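Residue-level listing of the chains:
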Amino acid sequence: MPTDRELELMAEDAAPWVRLALVEDVLNLARANSLWPLTFGLACCAIEMMAVGMAKYDLDRFGAAVFRPSPRQADLMILAGTISRKMAPVIRTLWDQMPGPKWSIAMGGCTISGGPFKYPGEYAIAEGAEKFMRVDVHIPGCPPRPEALIAGILKLEEKIKQGRRLGRTG
Amino acid sequence: MAAPAELAAVLESRGWTAAPATAHPVSGVAESRWVAPGHLVAAAEAAKEAGYFFESMTCVDRLDPHGVFELLYTFNRWDAPARVAYRVWVPKDLAVPTLSGVYGIAAWNEREAWELFGVAFAGHPNLTWLLLPEGTGFRPLLKSFTQPPPSIYDDSLTASP
Chain A
1 MPTDRELELM AEDAAPWVRL ALVEDVLNLA RANSLWPLTF GLACCAIEMM AVGMAKYDLD
61 RFGAAVFRPS PRQADLMILA GTISRKMAPV IRTLWDQMPG PKWSIAMGGC TISGGPFKYP
121 GEYAIAEGAE KFMRVDVHIP GCPPRPEALI AGILKLEEKI KQGRRLGRTG
Chain B
1 MAAPAELAAV LESRGWTAAP ATAHPVSGVA ESRWVAPGHL VAAAEAAKEA GYFFESMTCV
61 DRLDPHGVFE LLYTFNRWDA PARVAYRVWV PKDLAVPTLS GVYGIAAWNE REAWELFGVA
121 FAGHPNLTWL LLPEGTGFRP LLKSFTQPPP SIYDDSLTAS P
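So the sequences go chain by chain: A and B.
Sequential numbering of the first sequence, starting at 1, is according to this note's numbering.
Sequential numbering of the second sequence, starting at 1, is according to this note's numbering.
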């Protein structure tokens, strides 16, 4: 398999003759509708995340409920809960271990800004996931309702479908 | 016989007469006693003999003019009102004997008090960080603590894909 960078260079070379945008659109459609989240709950938001996976809210309808126990198999990290300073390096390691293309959702106030734990002199809680990794979609709430998480995943699916890497030079 | 009286009898049988109990009728603690750090292990053994379990241990940073830590050990039995408390004042530079040999569960509370206050526990099997990252150099619950140094995960590490 060529690497992403090699694919990009090949696409640049082929751009005058080949249109890869359609291929990329099809790939993105597949990616968006088969998100595999990492089984990874940090605090109380994780309870809502589990509810989303259960029968009532049924995340399988959107193809995103195949929670994987290994970062090597996952392409979506749902940050569900308070991030302590002790946990931050662990999360960063898991994120780095996930193969690209990958996306992340910050679920709840804690992962967005530190939430209720943000105050001057905070010594134990990391004030938001974006201090140490990329976040694609933010879902406010404390915790967000299951419907809000579904809305966030649908928003992420839209974002994935719009993304074009190979076709953008053509 | 009420539970605190049983504890008093055990203490009495061990020649423990110097620490009279203070009754607290409304606070949820039936009795409290002042215990010297050197007598703490013996007092905990007496509580165990009287059928008490270790309920909790917490710490208070007593400022000047005392400059000491106050450790508050609570023990309980299910036949209420049975909760008793041992209060220990210890200078900040002295070690407290660990209770983990008597009540194994005490090791966790002691670890927390060491981490957040810097109380030294002599003989503790695993005195290391529990809630804060390993190697944290500050004691956040000391009253002299004002501002933590920034974590590398808060400031310097820039977000990247």
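Hints listed in this document are in silico derivations from the structure and should not be mistaken for laboratory results.
The structure displayed is predicted, hence computed values, not measured ones.
Among the clues, some could well be false.
What the hints assert, rightly or not - Okay, derived cross-link-like pairs now, DSS-like style, lysine-lysine, Cα gap no bigger than 25 Å in a straight line: (1) Lys86/A with Lys48/B; (2) Lys56/A with Lys118/A; (3) Lys86/A with Lys102/A; (4) Lys86/A with Lys118/A; (5) Lys102/A with Lys159/A; (6) Lys118/A with Lys48/B.
What the hints assert, rightly or not - Short derived list, chain B residues pointing at chain A, Cβ under 10 Å: (7) Thr128; (8) Trp129; (9) Leu132; (10) Glu134; (11) Phe138; (12) Gln147; (13) Pro149.
Glycine included, each C-beta is placed from N, C-alpha and C at the ideal position.
Against the structure shown, which of the earlier numbered hints fail to hold, in ascending order? Violated hints: 1, 2, 6, 7; rest satisfied.
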